[in-house]
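K.L.:
My request is simple: use the sequences and hints to build the entire structure.
Residue numbers for the sequence shown follow numbering that gives the first Met the number 0, beginning at 0 and rising by one.
There may be inaccurate statements among the hints.
Using 16 Å as the maximum straight-line C-alpha spacing, the simulated EDC-like pairs for lysine to aspartate or glutamate come out as follows [what the hints assert, rightly or not]: (1) K141 <-> E153; (2) K160 <-> D184; (3) K160 <-> E189; (4) K194 <-> D211; (5) K160 <-> D211; (6) K176 <-> D120; (7) K89 <-> E153; (8) K89 <-> D113; (9) K194 <-> D162; (10) K141 <-> D113; (11) K194 <-> D184; (12) K141 <-> D184; (13) K141 <-> D162; (14) K89 <-> E22; (15) K176 <-> E199; (16) K121 <-> D34.
The set of hints was computed from the structure by calculation and includes no laboratory data.
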Amino acid sequence: MLCGQVVADETDNLRTQVSTIAEDYVRTQISAQADSQLSVQAMPIDERIQIPACDGGYQASASSNSLQQSNVTVRINCAMSDWYLYLMVKVAQTIPVVIASNALSPNVPLTSSDVQQVEMDKNTLRNSTFADITEVIGARTKRRIRAGQPITPELLCFVCKGDIVTIHADIGGIEIKTSGTAMQDGNIGEQIQVKNTRSERNVFATVQSPSDVRVNL
0 MLCGQVVADE TDNLRTQVST IAEDYVRTQI SAQADSQLSV QAMPIDERIQ IPACDGGYQA
60 SASSNSLQQS NVTVRINCAM SDWYLYLMVK VAQTIPVVIA SNALSPNVPL TSSDVQQVEM
120 DKNTLRNSTF ADITEVIGAR TKRRIRAGQP ITPELLCFVC KGDIVTIHAD IGGIEIKTSG
180 TAMQDGNIGE QIQVKNTRSE RNVFATVQSP SDVRVNL
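P.N.:
And the structure:
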């Protein structure tokens, strides 16, 4: 009875060892974003599979394609024998994402009560998202957004087509300001066409806020 227990304990130890090696290998191969959290978990090994002790140490490997997936297939082998095992390791890389706190109608200026920050699996996100609530406050919605939906740049405009904005320009160290009309939608940092009210000419300007754009002369 005691001998059987020792064998069972040794088998459990080897399973744990192999699983840990697979998880550690995946962690070293995946580059996580600075603001993300990486979760790595090896799937349970079938109890019917016998894992031999390996004096030379177990080795782990995986294809570059597999390492891009949320389920990574890791090959564990023993350098001292022909034994090997394929082990599935689940990977989840969560990042902060701004989502709608409630359903939002079109043309709604966003406030802090309209959005919230949550952690989401990066692999489930198809489009670019915002990480911080302050990045979207003041923008207006371009279409209906459902509760819990990630906020993406395509859904917003800080300056929207038809908005009256202040055009800023620096000429010889002197700040010049005039009014204009936005000819297209734009978010912070994006360049859009604006019609100068005084000259009635279109200029390209960079969006700085919901009411300001800047022309580089």
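K.L.:
Taking the hints in turn, state whether each one holds.
P.N.:
Verification of the supplied hints:
1. K141 <-> E153: Given that 16 Å is the threshold and the Cα spacing comes to 8 Å, the pair holds.
2. K160 <-> D184: holds, 5 Å
3. K160 <-> E189: holds, 13 Å
4. K194 <-> D211: Given that 16 Å is the threshold and the Cα spacing comes to 13 Å, the pair holds.
5. K160 <-> D211: Cα-Cα ~13 Å, so holds.
6. K176 <-> D120: Not satisfied, since the Cα-Cα distance of roughly 44 Å exceeds 16 Å.
7. K89 <-> E153: The given pair, whose Cα atoms are some 31 Å apart, is violated under the 16 Å limit.
8. K89 <-> D113: Since the Cα atoms of K89 and D113 sit roughly 33 Å apart, the hinted pair is violated (cutoff 16 Å).
9. K194 <-> D162: holds, 11 Å
10. K141 <-> D113: Given pair K141, D113 holds - Cα atoms ~15 Å apart, limit 16 Å.
11. K194 <-> D184: The hint holds at about 13 Å.
12. K141 <-> D184: Distance of about 9 Å is within 16 Å: holds.
13. K141 <-> D162: Judged against 16 Å, a Cα distance of about 13 Å means the pair holds.
14. K89 <-> E22: At roughly 9 Å apart (the allowed maximum being 16 Å), E22 and K89 satisfy the hint.
15. K176 <-> E199: The hint holds at about 15 Å.
16. K121 <-> D34: Between K121 and D34 the Cα gap is close to 11 Å, so the pair holds against 16 Å.
Checked against the numbered hints given earlier, this structure breaks hints 6, 7, 8; the rest are met.
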